[in-house]
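Now for the letters of each chain:
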Amino acid sequence: MPLGYYLALSAVMFVIGIVGVLVRRNALIVFMSLELMFNAANLLFVTFAAYYGTIIGQISVFFVMTVAAAEVAVGLALMVAIFRTKHSIDVDQMSSLKG
Amino acid sequence: MLPGEILFGFIGLVVVITAVGMVISRNAIYSALFLVSNFTTVALLYLILGAPFIAVVQISVYAGSIMVLFLFVIMLLGAERLAAKEKLQGQRLLAVILGVVFLVELGLFGVWKAGYMTTPVPPAAATAGAPEAVGMALFTQYALPFEVTGFILLVATVGAILLTRGDKPASKDLITAVSEKEG
Amino acid sequence: MLLSETLQNPAVSLVPWVVFLPLIGLVINLVLGQRLGEKFVGAVASLAALAAFGVAVVLAVTLAGEPGVGKFHLLDWIQVGGLNLGWDFRVDTLSVTMMLVVAGVGSLIHIYATAYMHSDVRHNGDPSRYRRFFVYFNLFILAMMILVSADSYLMLFVGWEGVGLCSYLLIGFWFEKGADGTANAKAAKKAFVVNRVGDFGLLLAMFLLFWNFKSLSFDEIFAQAPALAQAAPGVVLAVTLFMLLGVAGKSAQLPLFVWLPDAMAGPTPVSALIHAATMVTAGVYLVARSSPLYLEVPAAQQAVMWVGALTALFAATIAVAQNDIKKVLAYSTISQLGFMVAAVGMTAYVAGMFHLITHAFFKALLFLSAGSVILGLEHGHAHSHNGHNGHEEDHFDPQDMRNMGGLQGRMKTTFWVYLIGALALAGIAPLSGFFSKDEILAAALHTSPAIFALLIAAAFLTAFYMGRQVFLVFFGRPRSTAAEHAVESPALITVPLILLALLSALGGALNLPKIYTLEHWLEHSLQHSLVVEFNLTVAVGSVLLALTAIALAWWLYGKRQMRASDPDPLAAPLGGLFRALQNKWWVDELYQAVIVRPYHALASWLSGPVDSTGIDGIANGLGQLTHWAAGSLRRIQTGYVRTYVLVVLFGVVLMLAFLAFN
Amino acid sequence: MTMVLNPILLMTFFPLVGAAVILFFKSEQKSAIRWTALITSLVTFGLSLWVLAAYGRQDVGIHRLWFRIAGLPIHFHMAVDGLNILMVLLTTFLTPLAVLSTWKAVEERVKGFMIFFLLLEVGMLGVFLALDLVLFYIFWEFTLIPMYFLIGLWGGERRIYAAVKFFLFTMAGSVIMLLAILYLGWNAKTFDLPALLAARDSFAAAQIPLFAAFALAFAIKVPMWPLHTWLPDAHVEAPTAGSVILAGVLLKMGAYGFLRFNLLLFPQASLQLAPWMAGLAVIGILYGAAVAYTQKDVKKLVAYSSVSHLGFVMLGIFALNAEGLSGAILQMVNHGLSTGALFLMVGFLYERRHTRLMESFGGLWKSVPVLAALALIVSLSSMGLPGLNGFVGEFTILTGAFGSAALGSPWFAGLSTLGVILAAVYLLHMMEKVFLGPITHAENRSLPDLSPRELAVILPLLVVIFWIGLYPKPFFGLIEPGVAQILAAVQSAALALH
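Residue numbers (the working numbering), protein chains in the order written: chain R, 58 to 156; chain W, 122 to 304; chain D, 299 to 960; chain Y, 76 to 573.
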């Protein structure tokens, strides 16, 4: 099976993730879209790990996942904190930095 | 068509559909569920690519704990839906157009022109992605980064606790002192 | 000087003490004066001046024994690059003459002031300033001694500015008094600033001297002067003319004389010592000292001469119409300084110095006697107002001659010494003024008829206004209650007056025709002085002229009884001219309009429109520009994260395209 | 000499020790903090006397490789020579006096104030002593920070405006100087000043733009007309001690920069541009004097007088002869003393009346005679009365400028001499409005005269004012080697030009 298939699939996932980030206002879904993009990247890692026959790609995925877990923990905590003050998780409401 | 390609086509279709479903669902819970399916399907791909350990971790950590966390927060906040009023007119259209252009660019130059459509993935060695191999690598060569990730998780935990504590009455412990100083 | 041998006598090393002694006096008074009381302060200050006089006498005796130039190097001063200046003192007949005058007249005035200031500080309501006065006074002697004992232009300049400072301090001694309470302070400032204009000239002269002679010390400059005058006459001319500006400032000549009349705001001993006898003659001394330079450039001599002669006449005209007893004397001083400057301009240096000395005697005498008159009137005023409206603010002016009259009966000593001074000033033989003025007139006749005409006219006016003053003050009947009750001043005041009167009367003996003591004494320092033989026609003529003037004054002011409110008898016949004289030819107003106000306007314009609005406006404008630009650009920051991400994606797409097509 | 016992190093960084000690005090222990700061600065002054004693010996400096950036060596090079010894002494001399002057004036956040003050001293000493361009630049920028806070936290009503203005002006200039420094470094492969001097040829082609870049930074600091407008604002808003240091030392950093870098590194450009710089200096002299005259705020008057005085310094520097340069360096010291003392006087008045407007004073000589008399002496020194320090400086500068070959015309000095008149005009105007005349405000009637502490602040300044005025020889002696170094550079450049 050609390597390109996996790459193409990864690219499609990634772009769907991007579009998700761009079009959704619900911060949680934006967050999920980010996770989707992580996955796209992870897929790429694993694919190339198989392609080059090395373990390092998988190790990277492991680290990405760990960091993603940490990020989700903090991110969701932030979400909760923001929700407390703003009573909304609409990212368009979070525009205090408007110039 | 080879059976492998049929299988891949099927899995790929599910991956794409669940991803799109996640993005377009109105209800955040549906989105989360779509994402769980997506992660699980991607785990299948990992298996095919000879990475069983990663596949398991994907399911247990991602599809399992992380997504549970998401669902938990969605429930907690009761924020499945948003009051619908789009502020950024044209953003959606632009986003899709740019996304498509980006995809074309990636496909054209990252995949097709690079010649990856003709290079096959070699069959995976039986032991390559086995948990022992990953474990050996993690605890020998990558021991330090591994420890660091542990530390990152610790910090994230502390951070998450600190952030969700809110404005409690001042107590004498360290975290309160820190948060007061920062406030 | 040039040809004199260097004097090696150990007495020369005494010369710094003419500076140190006043310094010691002032330090003692500064530190201890407050505790030890007025008597002590006055005694210390007077002793300091007297001791300096003693030193000067020792130096004079030494010089009389072996004429020459003594030098004493006290300390290095500015030594950098080509500048090599020290605190170098110079002892020659010229400097010692000045020292004698300064310390001698100065001592007498110190003694007088111990009594005068005693009542002045009480009259003005702040006895604590008694000590301050004598500190300033000693400081003045110190600075004046530096001026006259300097061996270089720069050290002369130190004294030059130093006396200016003392003048400032003493004019502003009663800084909260005068019209509006600010007039005295303003007068002090005016004196200093106008003097600074002169100093500006002197500084430029020094720069020119330094770069052309590579030195500022007298000997080195004078030795090279003839050679340089050959090579670059323009330079020497410029030097001498810039110096003339300095002279005009310090010696109150046209066009910088305006500060001296205002300087009468100082207590009377100050007017006598600084603004009549010593400081203002520094300009004359400077020209005499620089005679080797002036001798090289006749054009500069002409300029000096004309400035002096014109000032002599100009100031004399103003003096005719003044009512303030001290103002008359002030303008008279300017006029007499004009005589001296004219004399040194004609290269009649000895005549100029001679007049300087005699003028120091009689003008100090006149001022001090005027002070005595003022004191007497103040006492009379206080006496006559005792019991009733003692606290009421009244506008009695004890210096206005219209309030006086008939004082010769009540203040006998003062009257007689005043009369001697006035006659000496008017040039009546055989008083001192006669001899010295006569030498100047003779020299003028020898040099230029026009100058002679100016000076003789001034001499006539001098006799007239002195006559007017004496008749107004001492003759007739008292024109105010204060004058009726005026009392004679105490001995501490009258004794110096009598001494000065003696000097004024006999001072002519210093340089009697045919004997010329002063001439021979000074010729060690001033070799090329113009000497004109005693001219009997001029002498007799000038005395007759003076007598005529006095007679005219008697006819106008002495013959009939006047009241305080009467207009001046000259006002009607002279009309507008008299008003011009009374208003001092509106010179102050002219300067106000031409210099002071335009400068103020310019400065306001610079600080307002130019500095705040213009330059600072540009600086702040740049800030505003940044602010505005940032304000426009910040709209890009919509605050919507999604928009930012969109832009990032756009960028990524572009970059990818760029990479791909390369 | 070992590193620790190096007097220069010890002196420069000793204030840090004091600052560290102060950190351990509680904010309320004000007097302990004050005494620590005072003693620290006094010890620093003592150490600077040690430096003075060691001055001239070969081993007094410190010169070693510090680190490399992109292969270019940065040296930790500090040394004393004729150009900076007086500046160092001035800094260490003024700092304890300034600290002592804050005893009553600064009551709030004393701790922070003193720490910033000591840090400022470190920065200033570093600027004067650094002989490596990068090291110099670090110190140069470092001085901005404490001064910014001193103005911004302890200043008057518009302190923020003034602090920001001060910061931005200085920053704008120094950024361009940094570019020039980098250019020099890349071309000569070193930032070390002696090495750069040896390698002058490597940047000979760009002398004029480089000169301009350095000159901009220094001219803003001096400040030269028309870059002076930050100064009045900064002075008016700064606390008294800040003004003293600002006028006394910080401005000198600009003039010092000209001497140390512009003249030595770019002698040819200096010669070519001397008439232009002198022209600006003359404008500054007259302009500052005129504008000072119209000020209503005494402090602003003194601030503008600084513009005028520093004009004299710049004129002397660009006379480019021994008289002008020596006079300029001495005048830098003089200005530090006289203007520093004037600011102290204004501060004393402000502490008594909480205003600085001339119209609120008048007749003060009657109520505070000692203060008035000392203010008069200081004013006289500032207007150049012979026998006091200002005259020696001004006279040598003007003499130098009058016959300067580099300026080529006596007009510069001639016009500047007018400044002597104008200085008398504005300073006596101030004396008249503040101290003379009748007392017009009742509250001025019973002001307390100088306290012993205030006398202790002023008297050392007066001693030096008289010392320099009467016997400046030792000071000129210290300056001489530095001037000789510049003159040698200028002379060889003049030969190269013709």
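Bear in mind the hints are in silico, worked out from the structure with no lab data behind them. Treat the hints loosely; a few may be bogus.
To be verified - Derived coverage of chain R by chain W (criterion: at least 3 residues anywhere in the stretch with Cβ under 8 Å from a Cβ of chain W; other residues may be distant): (1) 58-64; (2) 71-79; (3) 92-102; (4) 109-122.
As the list claims (entries may be wrong) - Each pair of labels, with its calculated beta carbon distance range: (5) Y/Arg233 - D/Ser902: 20 to 30 Å; (6) R/Lys155 - W/Ile218: 19 to 29 Å; (7) W/Val221 - D/Asn960: 49 to 59 Å; (8) Y/Phe541 - D/Ala807: 38 to 48 Å; (9) D/Asn960 - W/Leu275: 39 to 49 Å; (10) D/His925 - W/Ile218: 53 to 63 Å.
Said to hold, decoys possible - Calculated pairs, DSSO-like style, for lysine-lysine (alpha carbon to alpha carbon, straight line, at most 30 Å): (11) Y/Lys179 - D/Lys369; (12) Y/Lys371 - Y/Lys548; (13) D/Lys710 - D/Lys857; (14) D/Lys337 - D/Lys710; (15) Y/Lys371 - Y/Lys264; (16) Y/Lys179 - D/Lys475; (17) Y/Lys548 - D/Lys512; (18) D/Lys337 - D/Lys512; (19) R/Lys143 - R/Lys155.
By construction, the Cβ of each residue, glycine as well, lies at the ideal position given by its N, Cα and C atoms.
Practice task
Any hints from earlier that this structure breaks? Give me their numbers in increasing order, please.
Solution key: 7, 10, 11, 12, 15, 16, 18
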